[in-house]
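S.K.: Listed here are the chains, written in short residue letters.
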Amino acid sequence: MSLRHCKDYRCFVIQWQINSSRGLGIIFKIIKSTIKLIPLARRGFLLTNPMTQDKRFYLTKEGLEKIKREYEELRKLKFSKTKGEVPKILHSEDLNPEYLSFQEELSFLGSRIAELEYIIKNAKLISFPPRGKQKIINLGAEILVEVDGQSDEFKIVGTLEANPAVGKISNESPVGQALLGHKVGDEVIVSSPIKTIYKIKKVRYLS
Amino acid sequence: MKNILEFLIKIGELKGKERRGWVIHQIKNSESTAEHIFHLAFLVLVLGRKKRLNLERAIKMALIHDLCEVYAPDLTPYDPLLPKNKKEIMETLKHWPKFTPALKKEKERKKLEVESKSLYVLISKLPKDLKTEIKNLWLDFSSGLTKEGRFVKQADKIINFLQGMEYWKKYGKIQHHLWVRWIKEITDDRSLLEFIKEVEKKFYSKTWKN
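The listed protein sequences correspond, in order, to chains E and D.
Under the working numbering, the first sequence has 195 at position 195, and the numbering climbs by one with no breaks.
Under the working numbering, the second sequence has 190 at position 190, and the numbering climbs by one with no breaks.
Some clues are possibly wrong.
EDC-like, lysine to aspartate or glutamate: derived pairs with alpha carbons at most 16 Å apart [what the hints assert, rightly or not]:
hint, chain 1, residue 1, chain 2, residue 2
1, D, Lys98, E, Glu146
2, D, Lys98, E, Asp148
3, D, Lys128, E, Asp152
4, E, Lys135, E, Glu172
5, D, Lys60, E, Glu105
6, D, Lys98, E, Asp152
7, D, Lys135, E, Glu105
Hints listed in this document are in silico derivations from the structure and should not be mistaken for laboratory results.
Bear in mind the structure is a predicted one, so any value in this text is a computation, not a measurement.
Based on the sequences and whatever the hints tell you, model everything.
M.R.: Laid out in structure tokens, this is it:
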């Protein structure tokens with residue numbers, strides 16, 4: 001018997017092969033464990049599909065457009081490089097550094113293009129929750145918290161757009177994960193030997 | 001070859017350049033920039049192996065990531081809030097620096113501008129292919145463009161966190177709880193998070209030994 005979930009938390013797939021000797025108890029256990037997983041999925045914990053090991057990339061519209069632009073530009077660049085004149089392998093008796101550099105660039109371009117293709121294939125646009133649920137922290141939320149007696153502001157984004165230096169925190173970081181799903185007024189404890197409490201003061205969604 | 005020699009002499013200066021973050025914490029004989037680079041390169045080597053990374057690229061990135069500090073100032077998260085008086089500095093360090101999102105963006109923009117200019121001056125006379133490679137690696141690191149860039153950027157903070165925890169145990173001058181809070185806001189790589197747990201386990205253990 002196996003319990004699996006697909007990429008989207010709304011479409012959990014339960015698969016089981018029940019031997020005739022097993023009964024309703026097993027079905028009950030499956031339902032129970034599914035119910036336990038739903039809040040985790042809502043809070044962004046379940047980010048990979050165990051079937052394919054594909055990772056989901058949560059991106060804003062601008063973030064996805066930027067990635068698509070880079071992908072197109074790199075493809076054009078690779079095409080122009082392979083079309084042009086290739087430096088000679090040997091420069092006198094030594095390997096020509098220009099040739100090595102050319103090969104390295106090509107290899108990097110190839111792997112970056114493959115990485116971007118993978119991201120585009122597994123991208124999911126961040127959409128804001130309906131008005132009634134905008135007090136709850138989800139991806140794309142801008143939040144004001146009080147922590148260690150000081151106020152701080154962050155935006156919760158996907159890993160590719162995270163940049164803590166400018167206040168953009170990844171939803172996969174321990175703090176990002178802990179905050180997801182909470183609302184204004186909640187106190188969120190980030191567990192570790194040192195206990196840090198984040199008091200949520202304000203949540204907003206700005207495009 | 002003359003320009004390569006000049007470049008190597010210049011980056012050699014990083015061997016004696018104490019990192020400003022530790023100097024403001026009044027840590028004596030603190031780590032230099034070159035020592036930090038050495039430590040980071042090893043963290044990337046040992047933890048990057050577990051991941052599907054271009055390890056050669058990641059290690060090269062670790063090696064060049066702070067070269068700009070030959071000319072650029074070694075800025076800390078507390079800049080530009082730091083007072084000149086030593087006692088006041090220690091007071092400032094008791095709290096995590098607070099900036100609005102707009103100020104954070106502006107600070108980061110200026111930092112990248114100064115660092116890129118300094119790096120370009122440092123590598124300006126190197127052969128074209130090497131210059132391009134260093135420039136591209138640094139741009140990748142500073143903007144976290146590829147998976148290697150994102151990994152090394154986080155690893156850079158984590159090796160600093162480890163050094164901070166070591167100094168805390170040795171000298172007690174580090175606000176360790178602020179560091180733990182900060183590292184959990186900025187890290188999302190699973191293997192690096194696992195490493196952080198191990199650091200916490202060691203430094204908060206009741207039977208801690210140096």
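S.K.: Are the hints correct? Go through all of them and say.
M.R.: Consistency of the hints with the structure:
Our distance criterion of 16 Å between C-alpha atoms is met by D:Lys98 and E:Glu146, whose separation comes to about 11 Å. Pair hint D:Lys98 plus E:Asp148 holds up; C-alpha atoms about 12 Å apart against a cutoff of 16 Å. Of the supplied pair hints, the one linking D:Lys128 and E:Asp152 is violated, its CA atoms being roughly 44 Å apart against a limit of 16 Å. At roughly 20 Å between alpha-carbon atoms, E:Lys135 and E:Glu172 are farther apart than 16 Å, so this suggested pair is violated.
For the suggested pair D:Lys60 and E:Glu105, the alpha carbons sit about 15 Å apart, so the restraint of at most 16 Å is met. Restraint check for D:Lys98 and E:Asp152: the C-alpha separation of about 7 Å stays at or below 16 Å, so the hint holds. For the suggested pair D:Lys135 and E:Glu105, the alpha carbons sit about 13 Å apart, so the restraint of at most 16 Å is met.
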